Amino acid sequence: MEYFFNEVSLLAQKALVYEVLLTPKPGLVDRKNSGAHDDMDIHTFMDSILVLGEYFKECASIGYFYDGDDFSKIFDLIRPLGVEAEEKMFNATKGVNTHKGAIFIFGILSAAIGSLKGNDEKINIKTITQRGGCISCNILKDFDDNLLSKKNLTYGETQYVKYGNYGIRGEAKDGFPSIKMAYNTLIECLYEGYEFQIAMGESLLKLMKTVFDSNVVGRTEIEGLEFMRENAAKADSLGGYKTSEGMCKLKEIDKIFIKKRISPGGCADLCAATVFIYWISKS
Numbered sequence: 001m002e003y004f005f006n007e008v009s010l011l012a013q014k015a016l017v018y019e020v021l022l023t024p025k026p027g028l029v030d031r032k033n034s035g036a037h038d039d040m041d042i043h044t045f046m047d048s049i050l051v052l053g054e055y056f057k058e059c060a061s062i063g064y065f066y067d068g069d070d071f072s073k074i075f076d077l078i079r080p081l082g083v084e085a086e087e088k089m090f091n092a093t094k095g096v097n098t099h100k101g102a103i104f105i106f107g108i109l110s111a112a113i114g115s116l117k118g119n120d121e122k123i124n125i126k127t128i129t130q131r132g133g134c135i136s137c138n139i140l141k142d143f144d145d146n147l148l149s150k151k152n153l154t155y156g157e158t159q160y161v162k163y164g165n166y167g168i169r170g171e172a173k174d175g176f177p178s179i180k181m182a183y184n185t186l187i188e189c190l191y192e193g194y195e196f197q198i199a200m201g202e203s204l205l206k207l208m209k210t211v212f213d214s215n216v217v218g219r220t221e222i223e224g225l226e227f228m229r230e231n232a233a234k235a236d237s238l239g240g241y242k243t244s245e246g247m248c249k250l251k252e253i254d255k256i257f258i259k260k261r262i263s264p265g266g267c268a269d270l271c272a273a274t275v276f277i278y279w280i281s282k283s
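All residue numbers for the sequence shown refer to the working numbering, where the first residue is 1 and numbers rise by one.
Fair warning: there could be bad hints in the mix.
Said to hold, decoys possible - With beta-carbon atoms standing in for the labels, derived distance ranges:
{"#": "1", "residue 1": "Val161", "residue 2": "Leu21", "range": "34 to 42 Å"}
{"#": "2", "residue 1": "Ile222", "residue 2": "His43", "range": "27 to 35 Å"}
{"#": "3", "residue 1": "Gln197", "residue 2": "Lys122", "range": "26 to 34 Å"}
{"#": "4", "residue 1": "Asp70", "residue 2": "Glu188", "range": "35 to 43 Å"}
Stated by the list, open to error - Keeping only pairs whose Cα atoms sit at most 27 Å apart, straight-line, the calculated DSS-like set for lysine-lysine is:
{"#": "5", "residue 1": "Lys150", "residue 2": "Lys88"}
{"#": "6", "residue 1": "Lys88", "residue 2": "Lys73"}
{"#": "7", "residue 1": "Lys141", "residue 2": "Lys173"}
{"#": "8", "residue 1": "Lys162", "residue 2": "Lys209"}
{"#": "9", "residue 1": "Lys88", "residue 2": "Lys151"}
{"#": "10", "residue 1": "Lys180", "residue 2": "Lys282"}
{"#": "11", "residue 1": "Lys122", "residue 2": "Lys73"}
{"#": "12", "residue 1": "Lys100", "residue 2": "Lys180"}
{"#": "13", "residue 1": "Lys242", "residue 2": "Lys259"}
{"#": "14", "residue 1": "Lys173", "residue 2": "Lys100"}
{"#": "15", "residue 1": "Lys14", "residue 2": "Lys122"}
{"#": "16", "residue 1": "Lys251", "residue 2": "Lys209"}
{"#": "17", "residue 1": "Lys282", "residue 2": "Lys117"}
{"#": "18", "residue 1": "Lys180", "residue 2": "Lys242"}
{"#": "19", "residue 1": "Lys251", "residue 2": "Lys234"}
{"#": "20", "residue 1": "Lys32", "residue 2": "Lys242"}
{"#": "21", "residue 1": "Lys209", "residue 2": "Lys180"}
{"#": "22", "residue 1": "Lys260", "residue 2": "Lys209"}
{"#": "23", "residue 1": "Lys141", "residue 2": "Lys126"}
{"#": "24", "residue 1": "Lys209", "residue 2": "Lys234"}
{"#": "25", "residue 1": "Lys100", "residue 2": "Lys255"}
{"#": "26", "residue 1": "Lys14", "residue 2": "Lys209"}
{"#": "27", "residue 1": "Lys117", "residue 2": "Lys73"}
{"#": "28", "residue 1": "Lys14", "residue 2": "Lys88"}
{"#": "29", "residue 1": "Lys180", "residue 2": "Lys14"}
Bear in mind the hints are in silico, worked out from the structure with no lab data behind them.
Quick caveat: nothing in here was measured; it's all calculated off a predicted structure.
Every residue, glycine too, gets a C-beta built ideally from N, C-alpha and C.
The task is simple: from the sequences and hints, build the whole structure.
This is the structure in structure tokens:
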């Protein structure tokens, strides 16, 4: 099984590399610029990705060897690994948060993939997201009255208090509906003959049009989220990554997002996870 665990880890890292290399990405770190950030660049992301491989491997292993019927207990097993992975990330990036959201998402998905393999079940977009939802079914237990007295809330916790939105935790608990949506876009574009990077870009654009991105709201409030969605829709109406007009619009939006400090980091994490599932399903 060592080969399988390594494969999960490598494909997870590969997906994160492909995500940061996708250019242009409005407000996000890419090959052209650092987006709406002044504390990170593409090299910071690479430094982070390189130290996360063991974490993905361990999550897949835990999912594989878990032999109980209550899959939610898998989350309790991988949670401390996630904390350790965050520490490794911060050490590698000198305190910069490059992949905290990805650590959360990819940890659950890697464990889900391992669980499916361990139970000799099919591994595809439907089964992975469904098992991920089972692993995450009790994930909202932290969102209770005690949250109001907690100090140093995360973006997601702050937005739950302010807007009642569960963010990425709700996404996971519901079986990653946004990833399934982005996956359909990816498949459609590939079927139409578009290059992988274009298909990936279209998936990102789809997410930007619809997702409640905690990173965007945390930096620019709900107005920034609405602005992101509106501009993503404009770029999409011009063909997005498929056309020269769409690409020109994306570059224009990138400049605006940088100025307004809008960074769709949540959408980027979900896009990378979509690609990860696509490759795992094919391997």
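Status of the hints after comparison with the structure:
1. Val161 / Leu21: 34 to 42 Å: holds, 36 Å
2. Ile222 / His43: 27 to 35 Å: Holds, at about 33 Å.
3. Gln197 / Lys122: 26 to 34 Å: holds, 28 Å
4. Asp70 / Glu188: 35 to 43 Å: holds, 36 Å
5. Lys150 / Lys88: Holds - the C-alpha atoms of Lys88 and Lys150 are around 25 Å apart, at most 27 Å.
6. Lys88 / Lys73: Given pair Lys88, Lys73 holds - Cα atoms ~24 Å apart, limit 27 Å.
7. Lys141 / Lys173: holds, 11 Å
8. Lys162 / Lys209: holds, 22 Å
9. Lys88 / Lys151: holds, 23 Å
10. Lys180 / Lys282: holds, 16 Å
11. Lys122 / Lys73: holds, 21 Å
12. Lys100 / Lys180: Holds, at roughly 21 Å.
13. Lys242 / Lys259: Holds - the C-alpha atoms of Lys259 and Lys242 are around 25 Å apart, at most 27 Å.
14. Lys173 / Lys100: Given that 27 Å is the threshold and the Cα spacing comes to 18 Å, the pair holds.
15. Lys14 / Lys122: Given that 27 Å is the threshold and the Cα spacing comes to 22 Å, the pair holds.
16. Lys251 / Lys209: At roughly 17 Å apart (the allowed maximum being 27 Å), Lys209 and Lys251 satisfy the hint.
17. Lys282 / Lys117: holds, 14 Å
18. Lys180 / Lys242: At roughly 21 Å apart (the allowed maximum being 27 Å), Lys242 and Lys180 satisfy the hint.
19. Lys251 / Lys234: holds, 12 Å
20. Lys32 / Lys242: holds, 19 Å
21. Lys209 / Lys180: Holds, at about 15 Å.
22. Lys260 / Lys209: holds, 18 Å
23. Lys141 / Lys126: Distance ~25 Å between Lys141 and Lys126 Cα, so the pair holds.
24. Lys209 / Lys234: holds, 10 Å
25. Lys100 / Lys255: Given that 27 Å is the threshold and the Cα spacing comes to 25 Å, the pair holds.
26. Lys14 / Lys209: Within the cut-off at roughly 25 Å; holds.
27. Lys117 / Lys73: Cα-Cα ~17 Å, so holds.
28. Lys14 / Lys88: holds, 18 Å
29. Lys180 / Lys14: holds, 20 Å
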